[in-house]
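*Asks:* Guided by the hints, dock chain B onto chain A, whose structure is given.
In order, the protein sequence lines correspond to chains A and B. No gaps in the numbering here: position 506 of the first sequence is 506 in my numbering, and each next residue is one more. No gaps in the numbering here: position 113 of the second sequence is 918 in my numbering, and each next residue is one more.
Among these hints, one or two may not hold up.
[Unchecked claim] Here are the computed lysine to aspartate or glutamate pairs in the EDC-like style, where the Cα-Cα straight-line distance is at most 20 Å:
hint	chain 1	residue 1	chain 2	residue 2
1	A	Lys677	B	Glu932
2	A	Lys252	B	Asp835
3	B	Lys952	B	Glu932
4	A	Lys226	A	Asp250
5	B	Lys952	A	Asp742
6	B	Lys952	A	Asp736
7	A	Lys452	A	Glu300
8	A	Lys226	A	Glu177
9	A	Lys291	A	Asp510
10	A	Lys218	A	Asp171
11	A	Lys677	B	Glu929
12	A	Lys252	B	Glu881
13	A	Lys677	B	Asp927
14	A	Lys452	A	Asp415
15	A	Lys189	A	Asp83
16	A	Lys794	A	Glu670
17	A	Lys183	A	Asp171
18	A	Lys188	A	Glu160
19	A	Lys480	A	Asp359
20	B	Lys812	B	Asp886
21	A	Lys480	A	Glu300
[Unchecked claim] If you want the footprint, here are the derived chain A segments under chain B, 3+ residues with CB under 8 Å:
hint	stretch
22	229-241
23	533-546
[To be verified] Some but not every residue of chain B turned toward chain A, in silico, with C-beta under 8 Å:
hint	residue
24	Thr817
25	Ile897
26	Phe906
27	Asn909
28	Met942
29	Arg946
30	Gln948
Calculated from the structure, these hints are not laboratory results. Source: prediction; values computed, not measured. Beta carbons are placed, not taken as given, at the ideal position from N, Cα and C, and that holds for glycine.
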Amino acid sequence: MTVFTKIPKQVEEVMEKWNGSTSRRNFLKGSGLLVVSFGAAMASVNPLSSWAQSETAAAAQAAGPYPDPDFRQIDSWIVIHEDSTATFYVGKTDGGQGTGTAFRQMMADELDIAFNKTDLIMGRTDITVDQGGSGASDGIARDGQAMRRVAAEARRVLLEMASTRFGVPVDQLAVSEGVITVKADPSKKVAYGELIGGSRFNVTLTGNNINATTGVAKVKAVGDLKIVGQPIQRYDIPPKVDGSLQWAVDAKVPGMVHARNVRPPVAGAKLISIDESSVRGIPGFIQVVSKGNYVAVVCEREEQAIKAARQLKVNWQKPATESFPTSEDLYKYMRNATPTSLTRDRPGVRLPSVVGNPDAALASAAKVIEAEYDFPFQGHTAIGPAHAMADPSNGQMTIWSNDMKAYGLRTGVADFLGMPRDRVRVIWLDGPQLWGRTAADDAGFEAAFLAKEVGRPVRMQWMRHEETAWDTKGPAFTFKLRGGLDAQGNLIALEYNARTVDYNHLGYNDPDTVLIAQLMGRRPSAPASGGASSPSEMYDIPNRRKTTHVVRLPLVWETPLRTGNLRDPNGPQITFAGESFIDELAAAAKADPVEFRLRLLTASTDDDNQFKRARAIAAVKAAAAAYGWDTRPSPKPLGAGTILTGRGISYCDRNSTVVVEIAEVEVNRETGHVWVKRLVCAHDCGLVINPDGLRGTIEGNMLHGMSRALHEEVQFDTEKVTSVDWISHPTLTHADAPARIDIVLVNGDPNPNRPDLPAYGAGEAAIKPMVAAVANAIYDATGVRIRRVPFRDKRVLAALQAARV
Amino acid sequence: MSDITLKVNGRTHTLDIDPSTPLLYILRNDLGLLGPRFGCGLGQCGACTVIIKGAAVRSCITPTSTVQGAEITTLEGLAQDGTLHPIQQAWIDEQALQCGFCQNGQIMNAKALLDRNPDPTDAEIREGMVGNLCRCMTYYRIQAAIKRAANVISAARSASGKEVVG
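Chain A extracted, bound-state conformation (with noise of 0.2 Å):
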């Protein structure tokens, strides 16, 4: 057993220059950062649990400051030690896709060492660097390209040194497993450890952002990667299974009391005043910290603050007009409101977008189809609700958090506290699915804000009527579109119009926008614009129209509707539209769906730079020879039994990534019950880490896609929010589970010229066309189009009713 420190050399070096009187040694002991090593005997012990375990404990007592790990330095991003293992240092978070698992994968490749020989620290904003956390799915795409040359560059420069050993030159050196070795003798050998364990690099780096970075060596090659393409198991698994892995949740300190959230019963209601008396005898009490309409208890105990956030009386002012519509009576308001603006298709693209003449087009068209869809607000109601631990301890503040943003935690409450940003930290341990949620991390403000005016560290835990309500929302969406097709069933003119009620859509970690900032009044110069976008693929329509407008509900702030980032925050709604309306075209020129859409991306010849349309050919083809697709056009003839069955297609890009998934469904037409019994994706998301992680990540995306199908919806009634819990705002359950999943990776680049293949990006690609397959193959099974989501039973069964089904 060797003792090593889990704190990068260069962040050691900042620190005994920062903190001369502080010994490093103290330091370390104080910040809890100096641990055992598992040496030997890595690859059967987890890392993260003893050192997580040692970790919270101790790290309160932390001197700081804690200045920002310098990203030119490779110091700041790999420690070899002197028994040869590695640890990695990156400023990521995982959301539970693996991610970590694949990063470590895609360092110890370049580093030429086995992967059972590292681990990984990440988001701890004092001793990560900043690439700030997660989020847009760039995980693999960007960060990990970093995080690829800083360690081909760590390889270069032990080969140099090993060169400088022997007296040869690197070219007649071999490396394999960290052991580099004189080709020629083979007898000549030595151990990373040997040349550099426990010293620094002192290796610059190079890159005007970290997005940049980069030294010297070239990555490899796609075709000399060992670790990276292969299944490894994920390490977070066995310590997630057995109990021992400490979670945000988890996290606590010495002398750490329990906060909970009151919040207003009514959206925009006005504090009037607070009667502390009606919780003075509840043993354990502490306190009532309020400010404007934020109020909180704090106990000793956690069930003492539940119960005191349960019993307190507060008198509040309701306000004098509704603040928004039902949501039954949404999608007409939406319609009838006076849009806030045009916005952006994307940068550069101002709305409408027109090309060729749409109008002429529709005008001579033999047939014209139209059709409205309708998709509510989706929360991201985690399993787990909103928490954070934060510690006040030595004038500092460190917060324990799930924040997919950790860094962006830290500026922000920074700023919302006052405090200089190097007196502030944030330590990212593993949470509940992020989807976008912890990007405005509420919980880390509240702890952060309770604890400085209790002066104690405070957890806070939000409760499962508050998370549901109140978290941030997917932003719904209206639609109308408009297709034209010629006498041959040509589809010659499509207009696309969508209206998203996204004003004031939250920003990440923002002191002025997150909810306890906007409850206690604070606000920024203007609400956030919003935006909506429109469908993403390569179809080939000669004359197109597309507009897209932002509309505002009455009440835009302290509202239980705000909009934040959900999942590929517009991508399962516009998806949904427009592949449910490229359907409906096929049908009305009574081609098959596959057949009408290949006809689509193969009218043109044109590409773009990542070969998307070549690739999206591909991957409609895969998955149809996947599910054994039989061409005919939709729907099939109406079965005879009770239950109907059907298959539906969706194909789409995200930035890159491109997916195409069928449905195979079974509707209940005595109940409207749907089951999706079949799933099949074909799925091109370019260079892949790690397969297994990755078919993962593409399954929950599918099953989430099908959630928001078949489920969810929040809804509400004119003054809040009433979806609450899992009964009035059900998800998917294990009796919703498909029977069978087929996954196609397809991944694979026409450009023989590009040995080093990209990697788009999986987090999210995979739900956007999800909503829109489970559409089409309804629609295959009865001839009924449901064109408002999700596809509960009842309104399942009634358009079935209605249809005479």
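*Replies:* Positioned in the frame of chain A, the structure of chain B alone reads:
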């Protein structure tokens, strides 16, 4: 406050607590058993599941006073002598989870399910697990892991000719 005696994972604890406190908070905050988690506090999601007298129980709505003296097993108590329970191993083999926050409940409920029905059909697994929610929607892999665990447990039972300790 009063003295309550709890038997958890084979150990006996006497605690001076408010006996109406839901068991979840006592397990997590007093006994440091962090497997069971708060998900809803309403008994709707299953994240807090523990096993009491062989049955899967929602600890978030179970007053501690009602389980005095009963044998309580948490996720931490499933492994025996450092060896994971076959269900836990099956979760690893199937790489069943995404974030993993709900998986305490998935595993504990699967344990109770397989204890009372060692060879469940697909429909029985769906029905038996329907109350354990997962917002990463990993149901497909969880169901595969349960089938795998059932096979492993059944094979071990056949090989030893007796009941497997679990």
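*Asks:* Next, verify each hint and record whether it holds.
*Replies:* Right, here's what the structure says about each hint:
Of the pairs offered as hints, the one joining A:Lys677 and B:Glu932 holds, with about 16 Å between alpha carbons and a cut-off of 20 Å not exceeded. The straight-line distance between the Cα atoms of A:Lys252 and B:Asp835 is roughly 12 Å, inside the 20 Å bound, and the hint therefore holds. Distance restraint check for B:Lys952 and B:Glu932: the Cα-Cα separation of roughly 14 Å lies within the 20 Å cut-off, and the hinted pair is therefore satisfied. The hinted pair formed by A:Lys226 and A:Asp250 fails the criterion: a straight-line CA distance of about 37 Å is larger than 20 Å.
The hinted pair formed by B:Lys952 and A:Asp742 meets the criterion: a straight-line CA distance of about 19 Å does not exceed 20 Å. At roughly 17 Å between alpha-carbon atoms, B:Lys952 and A:Asp736 fall within 20 Å of each other, so this suggested pair holds. About 16 Å separates the Cα atoms of A:Lys452 and A:Glu300, which keeps this hinted pair within 20 Å; it holds. Between the alpha carbons of A:Lys226 and A:Glu177 the distance comes to roughly 11 Å, so the proposed pair stays at or under 20 Å and holds.
At most 20 Å may separate the alpha-carbon atoms for a hinted pair to count; A:Lys291 and A:Asp510 meet this at roughly 18 Å. A threshold of 20 Å between alpha carbons decides the hint, and for A:Lys218 with A:Asp171 the separation of about 15 Å falls inside it, so the pair holds. Annotation: proposed proximity of A:Lys677 to B:Glu929 holds, straight-line Cα distance about 17 Å (limit 20 Å). Simply put, A:Lys252 and B:Glu881 have alpha-carbon atoms about 18 Å apart, close enough for the 20 Å limit, and the pair holds.
Between A:Lys677 and B:Asp927 the CA atoms are separated by roughly 13 Å; this keeps the pair inside 20 Å, and the hint holds. Taking the CA atoms of A:Lys452 and A:Asp415, the gap is near 14 Å; set against the 20 Å cutoff, the hint holds. The suggested pairing of A:Lys189 with A:Asp83 holds, with an alpha-carbon distance near 15 Å, which does not exceed 20 Å. A C-alpha spacing of about 10 Å is found between A:Lys794 and A:Glu670, which places the hinted pair at or below 20 Å, so the restraint holds.
A C-alpha spacing of about 9 Å is found between A:Lys183 and A:Asp171, which places the hinted pair at or below 20 Å, so the restraint holds. Distance check on the hinted pair: A:Lys188 and A:Glu160 sit about 15 Å apart at the alpha-carbon level, within 20 Å; holds. The hinted pair formed by A:Lys480 and A:Asp359 meets the criterion: a straight-line CA distance of about 15 Å does not exceed 20 Å. Proposed proximity of B:Lys812 and B:Asp886 is supported: the alpha carbons are some 19 Å apart, at most 20 Å.
With a CA separation close to 55 Å, the supplied pair A:Lys480 and A:Glu300 exceeds the 20 Å bound. Check result for the stretch 229-241 of chain A against chain B: holds, 7 residues qualifying (beta carbon to beta carbon below 8 Å, three or more required). Coverage of a stretch by a chain is defined here by at least three residues with a beta carbon nearer than 8 Å to that chain's beta carbons; for the stretch 533-546 of chain A and chain B the count is 0, and the condition is violated. A cut of 8 Å between beta carbons decides the hint on B:Thr817: the least distance to chain A is about 20 Å, and the hint is violated.
Checking B:Ile897 against chain A: minimum C-beta separation of about 5 Å stays under 8 Å; hint holds. For B:Phe906, the suggested interface contact is upheld, since its CB lies about 4 Å from the closest CB of chain A, less than 8 Å. With 8 Å as the threshold, the beta carbon of B:Asn909 comes within range of chain A, its nearest partner Cβ sitting at about 7 Å, so the hint holds. Satisfaction of the interface hint for B:Met942 is found here, the shortest Cβ-Cβ separation to chain A being roughly 3 Å, below the 8 Å cut-off.
Taking 8 Å as the C-beta contact cut-off toward chain A, the hint placing B:Arg946 at the interface holds, the least distance being around 7 Å. For B:Gln948, the shortest C-beta to C-beta distance to chain A is roughly 6 Å, which falls under 8 Å, so the interface hint holds.
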